[in-house]
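Engineer: Here the protein sequences line up with chains A and B, keeping their order.
Just so you know, we're using full-length UniProt numbering here: the first sequence kicks off at 1 and counts up by one.
Just so you know, we're using full-length UniProt numbering here: the second sequence kicks off at 1 and counts up by one.
Incorrect hints may appear among the rest.
As the list claims (entries may be wrong) - Each computed DSSO-like pair below joins lysine-lysine, with the alpha-carbon atoms no more than 30 Å apart:
1) A:K390 - A:K182
2) B:K211 - A:K426
3) B:K188 - B:K332
4) B:K266 - A:K426
5) A:K426 - A:K112
Simulated from the structure, these hints should not be mistaken for laboratory data.
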Amino acid sequence: MPDISTTTDGEHPVVPAQDAARRSRLQFPHPPARPDQPADFSAIVVPRAGILPVPPLDISASGCRDLALGMVRILDENNRPVGPWADYLGEVSADRLRQGLRDMLKMRAIDKRMLNAQRQGKTSFYVQCTGEEAIGCCFQRALSQGDMNFPTYRLQTLLVAAEYPLEQLMGQLYSNPLDPLKGRQLPVMHSARDYGFFSISGNLGTQYVQAVGWAMAAALTGTGKIAAAWIGDGATASNDFHSALLTASVYLPPIVLNVVNNQWAISTFTGVAAGKSETYAARALGYGIPALRVDGNDYLAVMAVSRWAIERARQGHGPVLVEWFTYRVGAHSTSDDPSAYRPRDEARAWPLGDPIDRLKTYLISRGDWSEERHVQAEAEILDEVIAVQKAVEAHGTFVDPQPISPSEIFLNVYADMPEHLRRQRKEMGY
Amino acid sequence: MARMTMIEALRSAMDVKLAGDPSVILFGEDVGYFGGVFRCTSGLQARYGEERVFDTPINESAIVGLAVGMAAQGMRPCVEIQFADYMYPAYDQITQEAARLRHRSNGQFTCPLVVRMPTGGGIFGGQTHSQSPEALFTHVAGLKVVIPSNPYDAKGLLIAAIEDPDPVIFLEPKRIYNGPFSGNPHAKSMSWAAHPAGEVPEDHYSVPLGKAAICRHGSDVTVLAYGTMVHVAQATVDQTGIDAEIIDLRTLLPLDLATVRASVEKTGRCVVIHEATRTSGFGAELIAEVQEACFWHLRAPVLRVAGWDAPYPHALEWDYFPGPERIARALKQVMEA
Numbered sequence: 001m002p003d004i005s006t007t008t009d010g011e012h013p014v015v016p017a018q019d020a021a022r023r024s025r026l027q028f029p030h031p032p033a034r035p036d037q038p039a040d041f042s043a044i045v046v047p048r049a050g051i052l053p054v055p056p057l058d059i060s061a062s063g064c065r066d067l068a069l070g071m072v073r074i075l076d077e078n079n080r081p082v083g084p085w086a087d088y089l090g091e092v093s094a095d096r097l098r099q100g101l102r103d104m105l106k107m108r109a110i111d112k113r114m115l116n117a118q119r120q121g122k123t124s125f126y127v128q129c130t131g132e133e134a135i136g137c138c139f140q141r142a143l144s145q146g147d148m149n150f151p152t153y154r155l156q157t158l159l160v161a162a163e164y165p166l167e168q169l170m171g172q173l174y175s176n177p178l179d180p181l182k183g184r185q186l187p188v189m190h191s192a193r194d195y196g197f198f199s200i201s202g203n204l205g206t207q208y209v210q211a212v213g214w215a216m217a218a219a220l221t222g223t224g225k226i227a228a229a230w231i232g233d234g235a236t237a238s239n240d241f242h243s244a245l246l247t248a249s250v251y252l253p254p255i256v257l258n259v260v261n262n263q264w265a266i267s268t269f270t271g272v273a274a275g276k277s278e279t280y281a282a283r284a285l286g287y288g289i290p291a292l293r294v295d296g297n298d299y300l301a302v303m304a305v306s307r308w309a310i311e312r313a314r315q316g317h318g319p320v321l322v323e324w325f326t327y328r329v330g331a332h333s334t335s336d337d338p339s340a341y342r343p344r345d346e347a348r349a350w351p352l353g354d355p356i357d358r359l360k361t362y363l364i365s366r367g368d369w370s371e372e373r374h375v376q377a378e379a380e381i382l383d384e385v386i387a388v389q390k391a392v393e394a395h396g397t398f399v400d401p402q403p404i405s406p407s408e409i410f411l412n413v414y415a416d417m418p419e420h421l422r423r424q425r426k427e428m429g430y
Numbered sequence: 001m002a003r004m005t006m007i008e009a010l011r012s013a014m015d016v017k018l019a020g021d022p023s024v025i026l027f028g029e030d031v032g033y034f035g036g037v038f039r040c041t042s043g044l045q046a047r048y049g050e051e052r053v054f055d056t057p058i059n060e061s062a063i064v065g066l067a068v069g070m071a072a073q074g075m076r077p078c079v080e081i082q083f084a085d086y087m088y089p090a091y092d093q094i095t096q097e098a099a100r101l102r103h104r105s106n107g108q109f110t111c112p113l114v115v116r117m118p119t120g121g122g123i124f125g126g127q128t129h130s131q132s133p134e135a136l137f138t139h140v141a142g143l144k145v146v147i148p149s150n151p152y153d154a155k156g157l158l159i160a161a162i163e164d165p166d167p168v169i170f171l172e173p174k175r176i177y178n179g180p181f182s183g184n185p186h187a188k189s190m191s192w193a194a195h196p197a198g199e200v201p202e203d204h205y206s207v208p209l210g211k212a213a214i215c216r217h218g219s220d221v222t223v224l225a226y227g228t229m230v231h232v233a234q235a236t237v238d239q240t241g242i243d244a245e246i247i248d249l250r251t252l253l254p255l256d257l258a259t260v261r262a263s264v265e266k267t268g269r270c271v272v273i274h275e276a277t278r279t280s281g282f283g284a285e286l287i288a289e290v291q292e293a294c295f296w297h298l299r300a301p302v303l304r305v306a307g308w309d310a311p312y313p314h315a316l317e318w319d320y321f322p323g324p325e326r327i328a329r330a331l332k333q334v335m336e337a
């Protein structure tokens with residue numbers, strides 16, 4: 001490429017030499033801190049709890065700017081519920097909140113046990129959701145029978161709160177004969193139609209637009225059910241995020257489009273996916289879709305906004321996008337070591353705290369919980385999880401396999417097995 | 001019985017299914033009000049309403065992705081990609097999602113979906129209106145791949161595809177939408193009106209997936225072809241006087257190997273013809289299956305006539321298209337071997 005400043009043919013403008021310093025430079029977004037640096041979340045603005053209004057269910061995108069750029073928070077710094085969203089939520093029974101706490105404790109116990117199981121070679125792979133428990137656990141409790149989630153692999157929370165049998169969940173992780181998916185899928189790629197949990201795919205983003213199709217079908221057939229789409233911050237960069245927002249905006253089906261912004265896509269800082277956009281919620285406004293950003297570690301805020309968004313979709317006001325603002329406390333997966341790209345103590349510095357601690361503190365402040373009961377509940381839940389784990393392991397693990405019949409490979413490729421698959425199954429010896 | 005072009009036959013198939021099954025739904029770019037750039041869905045929105053037949057944004061990934069979500073709930077979407085050349089943005093949804101959904105969910109979710117796409121060359125379509133990407137689908141476990149060569153089969157196969165419980169890629173050779181094609185671009189264009197397969201029942205019927213058709217019985221050599229090339233092969237054979245048995249595969253996946261095998265065992269010779277590029281094309285699979293199944297019956301190497309391994313050209317259309325001269329040469333070559 002010739003240097004434009006030397007062009008003298010009169011057809012191109014001659015750039016003065018002194019402007020060379022102003023030439024275009026690329027931006028390469030960086031996280032606030034790397035492993036050798038102290039954690040730094042000073043750039044994250046945490047708005048005060050209770051300052052945002054509850055919009056009408058039929059709010060338009062243009063009316064949502066503050067909600068999409070701000071953050072819906074109910075529990076204040078002393079973990080007391082404040083503001084219009086707390087009023088919208090109304091009185092929440094102690095039982096309901098203790099249920100939420102138990103869901104989250106159960107999820108965390110499963111994560112701990114299964115992480116250890118992976119380290120022991122009992123399963124090949126695992127993905128934790130530590131720090132993100134409130135979002136899926138609480139959202140699921142706001143859905144109704146027949147609604148369908150289109151989850152990512154970090155939303156076992158939805159299964160736990162749907163009371164999916166732990167035997168099947170763990171059977172899938174161990175690929176043993178209790179696995180409903182017959183050992184065909186990588187651990188954590190669950191599928192549980194009866195529990196409103198769509199089959200997980202390894203290909204990111206694909207489920208987001210499928211959820212829109214499901215919601216369209218629900219509207220066309222008049223089932224009254226809704227779809228909930230899920231995606232992480234990194235995967236919002238995928239084509240299908242755009243496809244989903246666009247088509248949701250065109251056809252206005254009953255869907256809640258969830259973005260779980262946990263700040264990290266494996267080793268990639270969320271700024272690489274976000275660029276100069278203000279929030280992920282703000283992206284929806286460009287499509288004409290109302291959107292809110294929510295403190296994802298505030299169980300009450302998750303409850304209030306889930307109810308609002310689900311009600312909005314169910315009443316036929318069309319799609320809504322919710323960005324759940326949270327932090328991925330654990331490694332990306334059991335194949336990942338986050339100390340290679342972010343500070344070790346970053347989770348402790350996360351300004352929105354831990355969802356379990358915050359709900360626990362709130363419940364204690366209400367007089368509906370205590371440190372003693374919490375310790376006891378943790379122990380009980382861990383015992384329950386361990387008991388199921390032992391029972392499931394009796395059916396085989398990766399180190400001690402009781403294999404599924406290899407002929408399962410050929411089943412369900414098609415409804416009816418075609419001739420070439422019959423030949424291959426025979427060749428295999430089954 | 002009525003006289004129909006392939007376009008009319010395809011439209012009739014969709015009409016029959018829309019009328020008979022409320023879960024059938026059509027969408028794609030320009031499919032709704034306008035009736036499709038090839039008129040295949042003309043009049044259907046007016047008849048069934050835009051909840052059954054509608055236009056989509058220009059986003060192939062969305063077209064198929066929406067359809068996967070709908071199919072998983074029990075609807076039977078029959079969607080259109082305007083040209084097969086433009087299916088690539090949907091490839092992720094087709095191959096990783098539609099094809100695998102039943103298997104990976106152990107049957108909890110299924111994908112009774114049809115993706116229609118006009119395919120093939122011979123129309124001066126250039127690089128992105130002429131491609132034949134069937135091999136990119138036949139390589140994918142969980143898909144069915146269908147390509148009709150005449151109006152009767154087009155309607156029957158499309159009805160069977162819509163009724164099939166699994167995802168079907170339905171390739172429509174646009175060169176023969178309005179009439180068969182001999183491969184001679186200078187000959188007077190033919191219409192389906194004079195062709196026996198242009199007679200199409202107006203009501204429901206189906207042509208089974210996975211079954212080939214022998215469209216010319218012969219004893220000298222087996223010709224395996226599909227789509228436009230069935231007609232080019234027939235015209236060429238008529239000129240050469242070679243007593244070829246021409247098999248229209250109709251469904252590429254699953255392949256009707258029994259019909260292929262019986263024919264090759266009888267003739268001892270085989271020529272494979274397709275428009276798609278040669279290397280790793282579907283012809284390679286056909287030849288591999290034939291040599292494995294019929295090796296001791298073969299009297300000559302199995303040859304293939306295919307598109308050259310180059311992007312589809314515009315001005316050089318007839319140097320690229322595997323026409324009668326090249327087919328005749330291959331037939332002669334296997335007969336002399």
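Engineer: All hints are to be evaluated individually against the structure, with a verdict given for each.
Structural biologist: Results of checking the hints against the structure:
{"no.": "1", "hint": "A:K390 - A:K182", "in the structure": "20 Å, holds"}
{"no.": "2", "hint": "B:K211 - A:K426", "in the structure": "22 Å, holds"}
{"no.": "3", "hint": "B:K188 - B:K332", "in the structure": "26 Å, holds"}
{"no.": "4", "hint": "B:K266 - A:K426", "in the structure": "27 Å, holds"}
{"no.": "5", "hint": "A:K426 - A:K112", "in the structure": "42 Å, violated"}
When held up to the earlier numbered hints, the structure conflicts with hint 5 and nothing else.
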